[in-house]
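Student: Now for the letters of each chain:
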Amino acid sequence: MIVAQRKQIPEIMDIVKQHKSLLVLGCGTCVTVCLAGGEREVSIISSALRMASRLAGSEIKIEELTIERQCDNVFIEQAAEAIERNEAVLSLGCGAGVQAMAERFGNKPVYAGLDTAFIGILEERGIWTEKCGACGSCVLGDYGGICPITRCAKRLLNGPCGGSREDRCEVRPDSQCAWQLIYNRLKDIGQLDKLKKITSAKNWNTALDGGYRVIVREDHRV
Amino acid sequence: MKEEFEPKILAFCCHYCAYSSVDLAGSMRLQYPPNVRIIRTPCTGRLETEYFLKALENGADGVLVAGCLEGGCHFIEGNIWAKRRVEYIREMLTEIGFDKERLRMVNVSAAMAKPLADIITDMVETVRKLGPNPLGQNSTSKKQETAL
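Going down the list, the sequences are from chains A and B. Residue 113 in our numbering sits at position 113 of the first sequence, with consecutive numbering throughout. Our numbering runs 222 ahead of the 1-based position in the second sequence.
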């Protein structure tokens with residue numbers, strides 16, 4: 001899922017202070033699961049903004065709404081009336097959600113209330129970690145399901161670097177060495193021979209270079 | 223003559239400890255300021271993060287969360303969850319520019335009537351010094367008060 005975290009209240013206040021009415025719009029998908037932009041966070045951030053604006057002497061009228069998904073036109077329509085009633089939108093969706101809202105409602109300012117961080121998983125309660133860099137050309141099959149691009153601090157495809165201590169990364173001693181994990185995993189599944197292969201330089205054309213990426217599926221187009 | 227400010231403190235009291243303690247304080251004829259409005263909760267772990275903000279937003283001058291002693295929660299660790307939630311909102315209050323001392327969590331047992339009475343007295347005095355909630359009281363809280 002996409003993992004995000006909320007912006008600080010003073011930063012949000014600075015963004016929305018010129019408006020008299022604001023829709024705080026949550027998203028019921030990834031950001032709900034990572035406890036950053038779901039219904040509860042909409043309620044908390046709205047309260048905080050109401051309090052901050054009253055303390056600043058500029059009472060912003062705040063409406064709260066959470067839709068199922070901000071990155072999908074079918075669900076975005078559910079917010080149309082509320083958006084119409086307000087001067088601006090503070091989206092608690094991920095970066096994709098914010099942009100989808102802004103594209104759909106061309107005459108309304110749509111601001112981001114969250115900082116979208118990464119694609120990751122819930123490691124344990126209250127801890128999310130990055131797992132995927134969305135590089136566009138997955139190499140997980142060669143590395144026992146552990147991504148060296150995302151999880152190795154040096155992004156080495158031919159590791160290890162030799163700097164790890166025990167199983168700790170030398171760059172970030174609080175994290176495990178990805179290459180130690182790759183070795184352990186390949187050993188467990190009997191594929192250690194894969195480590196003998198020298199991987200050539202990765203083709204980064206499939207990543208962010210050259211602008212945004214588009215996937216077209218002709219079989220699904222109408 | 224200027225009327226002295228009487229703080230209104232909302233106290234979320236866990237059924238298994240703090241609520242019994244305030245009850246015991248009554249039985250023991252212990253005095254504590256009548257500024258607290260007590261809400262009994264099954265456990266402080268039942269309290270959602272937003273309750274604390276909503277209470278202050280709606281005009282409470284202070285919010286006291288009273289749970290069991292650490293390690294003594296009837297539901298194992300509800301009071302630990304509450305402590306983290308209170309701390310999260312205290313940090314957010316600082317971001318907002320609101321005095322975080324208006325929100326406080328304490329841990330007591332069901333037999334700690336006197337310490338709890340002292341805690342309540344201290345909380346009331348702290349909030350009295352801080353002055354009224356800078357947000358004032360909005361129509362919601364006035365309406366609720368009339369209904370009571």
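I should point out that these hints are in silico values taken from the structure, not numbers from a laboratory. Note that the structure is predicted; figures quoted are calculated from it, not measured. Ideal Cβ positions, reconstructed from N, Cα and C, are used throughout, including at glycine. Honestly, I wouldn't trust all of these hints.
[Stated by the list, open to error] Simulated DEER-style distance windows between Cβ atoms: (1) B:M250 / A:K17: 49 to 57 Å; (2) B:T316 / A:E59: 19 to 27 Å; (3) B:T316 / A:G210: 16 to 24 Å; (4) B:Q253 / A:K108: 41 to 49 Å; (5) A:R155 / B:G353: 53 to 61 Å; (6) B:E226 / A:E64: 16 to 24 Å; (7) B:R259 / A:E64: 49 to 57 Å; (8) B:S249 / A:R40: 33 to 41 Å; (9) A:D174 / B:Y310: 17 to 25 Å; (10) B:F227 / A:C132: 49 to 57 Å; (11) A:I119 / B:Y310: 24 to 32 Å; (12) B:F227 / A:D174: 45 to 53 Å; (13) A:D14 / B:G353: 20 to 28 Å; (14) A:E59 / B:F227: 44 to 52 Å.
Student: All hints, please: hold or fail.
Tutor: Hints, one by one, checked against the model:
Hint check: B:M250 to A:K17, Cβ distance near 52 Å, so the stated range 49 to 57 Å holds. Restraint check, B:T316 to A:E59: a C-beta distance of roughly 21 Å satisfies the suggested window 19 to 27 Å. At about 44 Å, the CB distance of B:T316 to A:G210 disagrees with the hint of 16 to 24 Å. The supplied range of 41 to 49 Å is broken by B:Q253 and A:K108, whose beta-carbon atoms lie about 57 Å from each other.
A beta carbon spacing of about 55 Å between A:R155 and B:G353 agrees with the range 53 to 61 Å that was offered as a hint. Between B:E226 and A:E64 the beta carbon distance is about 37 Å. The supplied range of 16 to 24 Å is therefore violated. Taking the beta carbon of each, B:R259 and A:E64 are about 26 Å apart, not inside 49 to 57 Å as hinted. Between B:S249 and A:R40 the beta carbons are some 39 Å apart, a value that agrees with the proposed interval 33 to 41 Å.
Checked against the hint of 17 to 25 Å, the pair A:D174 and B:Y310 passes, with Cβ atoms roughly 22 Å apart. For the pair B:F227 and A:C132, the beta carbons lie near 55 Å from each other, so the given range of 49 to 57 Å is met. Between A:I119 and B:Y310 the beta carbons are some 25 Å apart, a value that agrees with the proposed interval 24 to 32 Å. Look at B:F227 against A:D174: about 48 Å separates their beta carbons, and that is inside 45 to 53 Å.
The hinted window of 20 to 28 Å between A:D14 and B:G353 holds, with their beta carbons roughly 27 Å apart. Between A:E59 and B:F227, the C-beta spacing of about 23 Å breaks the proposed range 44 to 52 Å.
In the structure shown, a violation is registered for the earlier hints numbered 3, 4, 6, 7, 14, in ascending order.
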